[in-house]
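Just so you know, the sequences run in chain order A and B.
Those letters in the first sequence? Residues 1 to 414, by UniProt numbering.
Those letters in the second sequence? Residues 1 to 414, by UniProt numbering.
If you are wondering where the hints come from, they were derived from the structure by calculation, not from laboratory data.
Where hints are given, some of them may not hold.
Intra- or inter-copy, both count: the list cannot distinguish identical chains.
[Claimed, not checked] Straight-line C-alpha distance at most 20 Å; calculated DMTMM-like pairs for lysine to aspartate or glutamate:
1. K234 x D390
2. K234 x D249
3. K71 x D335
4. K27 x D390
5. K234 x D248
2 protein chains.
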Amino acid sequence: MPDVNPRFDGQRVLADLNALRAIGAFKTGVHKPTFSEPHLRSLDWLAARLPEAGLTAAIDGIGNVLGSSAKAGPKLLAGSHLESQNQAGWLDGPLGVIYALEAARVINTDPSIDGAVEVAAWCDEEGHFGQFLGSRSYVGAVTEAEIDAARDRSSDCTMRQALHDAGFAGRPRLHAAPGRHIGYLEAHIEQGDTLESGQLKIGVVTSIVGIWQYRITFTGAQNHAGTTRMAIRKDAGLALARFCVAIDDSFPAVCGPRTVWTTGRITLDPGAPSIIPGRAEMLFQIRDDNPAVIARLEEHLQRMAAELTARGGCSAAVERIRTGAPAMMHQPFQDAIEAASAARADGKSVRMPSGAGHDAQILATIMPAAMLFVPSIGGISHHWTENTDDVDIVTGADVYVETCRRLLAGAAAR
Amino acid sequence: MPDVNPRFDGQRVLADLNALRAIGAFKTGVHKPTFSEPHLRSLDWLAARLPEAGLTAAIDGIGNVLGSSAKAGPKLLAGSHLESQNQAGWLDGPLGVIYALEAARVINTDPSIDGAVEVAAWCDEEGHFGQFLGSRSYVGAVTEAEIDAARDRSSDCTMRQALHDAGFAGRPRLHAAPGRHIGYLEAHIEQGDTLESGQLKIGVVTSIVGIWQYRITFTGAQNHAGTTRMAIRKDAGLALARFCVAIDDSFPAVCGPRTVWTTGRITLDPGAPSIIPGRAEMLFQIRDDNPAVIARLEEHLQRMAAELTARGGCSAAVERIRTGAPAMMHQPFQDAIEAASAARADGKSVRMPSGAGHDAQILATIMPAAMLFVPSIGGISHHWTENTDDVDIVTGADVYVETCRRLLAGAAAR
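Let the sequences and hints guide you as you build the complete structure.
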């Protein structure tokens with residue numbers, strides 16, 4: 001095995017990423033919501049690049065870009081997404097797509113390698129219209145009715161209208177051909193500081209954590225903020241604040257080593273400065289890769305709510321509104337990433353779960369799937385300041401291409 | 001002095017209040033926002049009644065209804081408002097207007113009484129378009145520019161458009177004629193449970209509390225709710241929740257005996273379930289009739305915010321956005337209400353501050369002003385279930401008319 005793959009070109013990877021950054025630029029990041037003009041232009045840009053890697057490009061009826069190879073031998077599916085969160089970073093999505101493109105360029109044009117990398121850009125991983133609609137469509141988990149009902153969470157535009165405006169209406173949706181791929185590989189920035197703080201270069205993802213989401217509702221008595229004495233109030237907003245603090249105080253003793261929990265939204269009803277809130281609601285999320293931990297925490301939440309209600313005053317109700325089972329990454333693929341890191345990144349890798357959701361968790365439902373992470377500076381993500389050192393981007397690409405090579409070689413040898 | 005005033009008619013008072021309830025009825029209350037069709041119909045209804053009390057009716061350029069008397073002798077200004085909060089109660093406003101109408105009917109048509117009661121319905125006391133725009137216009141405190149800028153807080157319709165649609169555009173705004181009135185009297189439901197719980201019939205208002213309002217802003221670091229470890233988070237929403245709880249725990253030791261405080265609205269930014277809030281904001285209000293108490297509490301708030309910021313993590317900033325000085329009610333008028341309560345309500349009265357704002361605080365800036373309260377069942381207000389027992393409504397009206405008679409008699413005797 002050569003120390004350097006002469007066909008791998010780190011500068012080409014950086015140039016491609018910067019080309020995508022220039023489409024829909026926002027400060028040092030991008031603003032590229034699903035089906036926005038810059039997003040559509042990015043899809044076209046990718047489709048135009050794919051032939052360089054010997055791939056036939058198609059954009060399907062849900063906006064997935066797929067490149068297929070006629071080369072003989074095993075096929076590895078590889079990719080990520082091109083749209084962004086609003087006013088967000090330049091690497092979340094494009095990094096994994098360009099790594100896949102580079103791997104396809106290196107491998108598919110090399111007659112000495114048996115097999116090919118097929119590139120995918122899954123539409124709407126960022127959830128402007130739903131949850132993983134592109135990759136879920138590919139694995140056959142999206143009905144026409146779900147698309148009928150989908151709306152842009154910012155503009156309220158229907159997905160049907162957006163697909164029509166993009167020129168995708170009426171196109172067939174492409175689905176995975178059973179047995180075609182040996183598996184799926186996705187690269188992503190870490191979106192956390194584990195790699196950076198440990199001076200590591202590659203995260204070998206072991207699992208993608210499940211997300212459990214709850215609506216916790218507090219009911220008190222709406223009344224006048226000037227005339228209602230403090231002693232007789234049933235302030236639902238205050239009950240909510242106390243509940244938030246109690247969660248934060250008590251969860252550490254009940255949670256697992258990597259559990260995270262977040263109150264992302266609070267609504268007081270009616271939300272007027274002169275009215276004591278009669279009702280309050282919080283959206284609360286727990287992530288862990290161990291369902292037993294989640295079960296324990298959910299039971300704890302329910303007990304807290306029951307105790308609050310039993311004390312009189314306000315009542316609390318905990319309603320689970322989203323359940324996401326964790327996805328385990330394929331063990332032999334993890335080994336391949338680790339081996340490639342040993343060869344190309346001085347072994348500076350660590351096995352770690354992903355706290356964020358990714359298309360890989362969807363692909364994992366129908367084929368072996370794996371992910372590798374590169375460091376993200378300051379752990380920032382979903383913000384335009386998100387960034388990764390160019391050197392780390394190139395190292396990650398090198399490890400990624402080497403991983404693809406090893407996975408195809410292993411499959412071809414069987 | 002007769003035990004019963006033969007001209008006073010409690011059943012007429014109840015009939016009038018029910019006639020107004022039937023205009024814009026919502027469940028057992030009303031939905032009568034400022035300049036809505038039912039509100040405008042209510043203004044017309046009142047204007048049509050005023051001649052029965054010997055008054056010439058006018059509706060001016062800001063929607064105030066004013067009845068003026070040509071009768072000789074001292075004049076007492078009396079009234080309240082006719083619009084309601086959204087989906088709110090039937091008595092908040094109309095009670096004071098109908099008491100004033102009844103007093104005018106009894107007194108103005110009685111040649112044995114020197115002087116007259118002039119009736120007013122102040123527009124928009126409920127603040128759909130601003131703060132006390134009708135009564136503030138009457139005392140000369142509203143500029144044309146303020147009207148230009150005013151918008152309905154629910155529909156965003158401009159006040160100019162609403163005035164035009166109501167047919168009031170271009171009419172002059174009527175202002176107080178200096179020296180015309182000996183003072184102003186307003187009746188209202190208590191909007192609290194002091195009278196009911198003490199089995200009292202009349203509240204003699206000593207002062208209308210001031211309202212101080214604050215925007216308290218927390219700044220942390222926005223980040224991904226899945227990938228950011230708990231230990232390194234700067235969650236602005238959690239900082240806000242802890243601040244709310246700290247206020248509630250520490251204020252009782254610093255506040256006055258009747259201070260009330262309320263967090264009416266909480267906003268987390270960006271408010272998404274999967275993003276740690278980087279910024280959070282609460283609207284916080286304090287009411288008290290003692291500015292020294294407010295000053296102490298404001299200092300306490302600022303110290304809490306400074307301490308939070310000094311601890312690192314999130315920072316907090318307290319910004320005062322509204323200052324309302326308390327209004328003291330005229331002492332001799334309070335004495336007159338108390339004497340009338342002794343004569344007509346078995347002395348079942350108590351002196352008490354008003355925790356809510358009322359037009360009387362605006363009139364108090366240019367003339368002696370006073371208020372009397374009647375009991376409200378369960379202390380409920382700003383809700384359609386708001387109510388007062390018919391017997392208490394009639395008793396209150398009797399005391400009100402008697403108070404007007406005594407105030408005019410006192411003025412005529414000087």
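Okay, the hints, checked on the actual structure:
1. K234 x D390: neither (55 Å within a copy, 28 Å between copies)
2. K234 x D249: between (23 Å within a copy, 15 Å between copies)
3. K71 x D335: Classified as neither: same-chain Cα gap 26 Å, cross-chain 101 Å, threshold 20 Å.
4. K27 x D390: within (18 Å within a copy, 66 Å between copies)
5. K234 x D248: between (23 Å within a copy, 13 Å between copies)
Of the numbered hints given earlier, the model fails hints 1 and 3; all others are met.
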